[in-house]
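Heads up: the sequence lines are chains A and B, in that order. Quick note on the numbering used here: the first sequence kicks off at 232 and runs consecutively. Quick note on the numbering used here: the second sequence kicks off at 50 and runs consecutively.
The hints are simulated quantities; they were obtained by calculation from the structure and are not laboratory data. A hint or two may mislead.
Said to hold, decoys possible - With the C-beta cut set under 8 Å, the calculated list includes, among others, these residues of chain A facing chain B:
{"#": "1", "residue": "Met388"}
{"#": "2", "residue": "Leu405"}
{"#": "3", "residue": "His463"}
{"#": "4", "residue": "Pro509"}
{"#": "5", "residue": "Thr514"}
{"#": "6", "residue": "Val520"}
{"#": "7", "residue": "Ile522"}
As the list claims (entries may be wrong) - Pulled from the structure, derived: some chain A residues nowhere near chain B, Cβ distances all over 10 Å:
{"#": "8", "residue": "Ser269"}
{"#": "9", "residue": "Arg331"}
{"#": "10", "residue": "Thr358"}
{"#": "11", "residue": "Ile421"}
{"#": "12", "residue": "Asp436"}
{"#": "13", "residue": "Ala515"}
{"#": "14", "residue": "Tyr539"}
{"#": "15", "residue": "Pro543"}
Using N, Cα and C, we set each Cβ at its ideal position, and we do this for glycine too.
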Amino acid sequence: MAVADTGVTEVGTRPLIKVEGLEKRFPVASHWFRRSHSSVHAVDGISFELARGESFGLVGESGCGKTTTGRLLVRLAEPTGGHVLFDDGEGAATDITTLRGEELKSFRRKAQMIFQDPYESLNPRRTIFDTVAEPLKVQDACPPLERLDRVSRMLEMVGLSPPATYLFRYPHELSGGQRQRVAIARALIIEPIFVVADEPTSMLDVSIRTGVMNLMESLAERLGISYLYITHDLAVARYMCSRIAVMYLGKIVEMGDTEAVLQHPKHPYTQALLSAVPIPDPTATRAPVQITGGVATPLDPPPRCRFYSRCPIADDFCRDNPHPPLETKGDGQRVACYNA
Amino acid sequence: MSNQSTSAPVLRVEDLGMYYGTRSGDVKAVDGVSFAVGRGESVGLVGESGCGKSSIAMTLLKLLPENGRIVGGKILLDGTDLAPLSEDQMRTHRWNRIAMVFQAAMNSFNPVYTVGDQIIEALEVHIETSPDVSMERVRELFELVSLDPGFIGRYPHEYSGGMKQRAGIAMALACEPDLLIADEPTTALDVIVQDRILKELRDVQQALNMSLIYISHDMAVIAEVSHTVGVMYAGRIVEWGETVDIFRNPMHPYTQTLMSAFPSVTGPKHELAMLGGEPPNLLNPPSGCRFHPRCPYATDVCKSAEPPRVEGSDTHWAACWHPLEA
Ligand SMILES: Nc1ncnc2c1ncn2[C@@H]1O[C@H](COP(=O)(O)OP(=O)(O)OP(=O)(O)O)[C@@H](O)[C@H]1O
Ligand SMILES: Nc1ncnc2c1ncn2[C@@H]1O[C@H](COP(=O)(O)OP(=O)(O)O)[C@@H](O)[C@H]1O
Ligand code: SF4
Ligand code: SF4
Ligand SMILES: [Mg+2]
Ligand SMILES: [Mg+2]
Chain A
232 MAVADTGVTE VGTRPLIKVE GLEKRFPVAS HWFRRSHSSV HAVDGISFEL ARGESFGLVG
292 ESGCGKTTTG RLLVRLAEPT GGHVLFDDGE GAATDITTLR GEELKSFRRK AQMIFQDPYE
352 SLNPRRTIFD TVAEPLKVQD ACPPLERLDR VSRMLEMVGL SPPATYLFRY PHELSGGQRQ
412 RVAIARALII EPIFVVADEP TSMLDVSIRT GVMNLMESLA ERLGISYLYI THDLAVARYM
472 CSRIAVMYLG KIVEMGDTEA VLQHPKHPYT QALLSAVPIP DPTATRAPVQ ITGGVATPLD
532 PPPRCRFYSR CPIADDFCRD NPHPPLETKG DGQRVACYNA
Chain B
50 MSNQSTSAPV LRVEDLGMYY GTRSGDVKAV DGVSFAVGRG ESVGLVGESG CGKSSIAMTL
110 LKLLPENGRI VGGKILLDGT DLAPLSEDQM RTHRWNRIAM VFQAAMNSFN PVYTVGDQII
170 EALEVHIETS PDVSMERVRE LFELVSLDPG FIGRYPHEYS GGMKQRAGIA MALACEPDLL
230 IADEPTTALD VIVQDRILKE LRDVQQALNM SLIYISHDMA VIAEVSHTVG VMYAGRIVEW
290 GETVDIFRNP MHPYTQTLMS AFPSVTGPKH ELAMLGGEPP NLLNPPSGCR FHPRCPYATD
350 VCKSAEPPRV EGSDTHWAAC WHPLEA
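Using the sequences and the hints given, assemble the complete structure.
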């Protein structure tokens with residue numbers, strides 16, 4: 232598989248997406264936790280840029296805010312703070328968090344999402360044709376008579392071929408890998424330039440997974456798509472993404488070129504994540520994972536480093552200071568840690 | 050990695066077959082499967098979705114759905130054949146001597162009872178204990194799998210996915226079974242939680258000298274937990290051997306593909322293999338070698354005749370007409 236080494240600087244000076252201080256809090260019913268004004272800080276003030284044509288990876292454990300971030304970037308959720316500037320090169324960058332009506336509709340045509348679970352995201356009562364054609368219908372993107380042709384070509388492109396044998400099947404008549412291809416076809420049919428792919432291969436077997444990864448990559452090249460690629464699988468991120476950001480409890484704790492972050496992680500959480508990945512070699516021994524405690528919750532986190540309660544190198548300074556800012560360290564990656 | 054082949058096996062499966070009856074015919078999910086598991090041995094069962102891993106597990110426990118039936122073969126647990134046993138007879142063995150952690154542990158608890166009550170019930174069916182002792186045991190089990198004992202009295206919906214999975218392990222370990230079958234117990238979890246669960250399973254297995262069948266499609270996880278690996282394809286075991294041999298010298302072309310389809314985080318960035326073609330249809334599996342429609346080495350004989358078992362060593366075999374050099 233060809234992996235683009237293009238870092239953000241070479242791709243272009245104006246990023247496709249610029250995320251500034253993005254925040255999403257979910258209020259929590261107060262009687263439940265016997266506290267008033269509690270909220271889940273699902274995404275807690277994150278900033279990053281995504282270059283044109285880039286695949287940017289978002290990794291981290293379950294519940295850290297990856298999906299929420301993805302949903303905010305395609306306006307399937309409303310942020311409680313911050314901005315997402317979208318610059319498709321046709322005029323000035325727009326802040327998508329304030330789009331309404333026709334403007335929002337036209338943004339949706341350019342930004343799509345592939346959902347985490349193809350078993351849940353495909354409507355079991357709709358045929359593959361109906362499912363894949365839906366965005367065309369909603370967007371009025373092609374005359375009804377041409378839809379069949381367009382869907383067929385898209386199915387062909389994602390390797391569901393010959394299309395005629397798939398068009399009028401239902402999701403339960405497809406394998407997991409085929410369903411995932413349908414989900415990809417639906418997201419790409421209106422030719423978006425930005426796609427949030429939420430764990431698009433996590434439900435797939437390894438041999439099928441390679442095919443879907445190759446497919447997404449070649450479609451990106453052919454159609455000029457930029458991905459926000461969400462995954463908890465660092466190995467998959469390594470193959471798919473030129474840069475990655477590691478999230479922990481709503482914050483980005485480390486961000487940079489994928490190889491730099493994976494080969495020389497600087498943040499203690501990234502280091503722990505990497506040391507927890509099983510090695511596909513029965514004679515290898517893995518150093519013990521250095522972090523303690525259960526998964527912390529994003530409910531009203533205390534105003535210090537989010538990782539403090541599980542960090543093996545936390546000290547009094549970390550306890551008494553706010554969450555550390557992202558700063559350039561090591562091989563050029565940016566790290567949010569006082570002691571990295 | 051100890052070699053357990055000298056001691057008498059805890060489990061010996063002989064030519065086991067289990068089919069699901071459907072309107073379109075029989076789904077041959079387990080077909081002519083034979084293997085043995087030694088005491089304290091940990092066997093990994095790998096293979097892709099739908100190849101029959103969970104079906105083997107459910108057959109061994111005889112927890113089959115209405116349309117599932119054993120069509121032949123033996124399940125010898127310490128010499129007793131479980132295959133012909135009635136449900137009543139089976140109850141004395143299940144959970145007590147052979148237990149399981151389910152793929153969807155999320156659904157293996159009854160939503161209307163607390164998790165603690167359900168584990169206590171499992172205990173009391175098999176072991177005579179007083180309520181106090183049972184409670185103490187549940188607390189121990191919770192600690193064993195790093196669950197906060199404060200959750201003993203809580204309901205399943207109050208648990209996160211990872212917590213439910215750990216509670217499922219606690220429940221399966223309650224009666225200290227001789228053989229534990231764990232069906233993808235960490236697939237839905239993130240690596241740090243997975244790491245802890247794998248470590249707990251390994252520790253418990255050693256402490257109890259328990260035998261373990263660990264089912265997964267993740268080769269890296271199998272490399273860490275198993276000293277022996279069985280590779281399944283389309284209802285059959287196609288290769289069996291010590292983990293090191295399976296990884297270093299796979300004999301079956303399918304195993305070879307599985308191995309090289311794995312992206313690695315730290316090693317060199319190699320080209321990832323992929324399998325062409327369709328997964329096999331178990332209603333009507335391919336003739337001869339079931340892998341032949343997708344196999345790059347297939348010849349005419351592969352299409353017409355069942356491949357023989359070829360031995361690479363005493364502990365390593367593959368079912369293939371043209372095995373790779375072992
Ligand atoms: N109740 C059933 N009726 C008919 N067919 C079934 C039934 N349960 C499973 N099967 C079929 O039996 C085969 C083996 O299924 P099984 O669940 O054992 O696969 P698996 O290897 O565990 O896959 P996964 O990794 O996806 O869980 C599949 O083809 C499946 O569709
Ligand atoms: N609608 C919601 N209401 C309340 N909390 C939510 C909601 N959606 C997500 N959350 C919480 O926000 C956090 C991040 O969730 P999510 O973005 O789905 O994580 P991930 O995709 O990384 O698993 C979690 O703690 C989750 O429970
Ligand atoms: S800032 Fe302190 S607590 Fe946070 S990760 Fe760094 S060392 Fe650990
Ligand atoms: S028997 Fe033939 S088709 Fe089957 S795996 Fe061996 S070489 Fe391939
Ligand atoms: Mg998610
Ligand atoms: Mg299964």
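What are the numbers of the hints that this structure violates, sorted from low to high? 1, 2, 12 and 13
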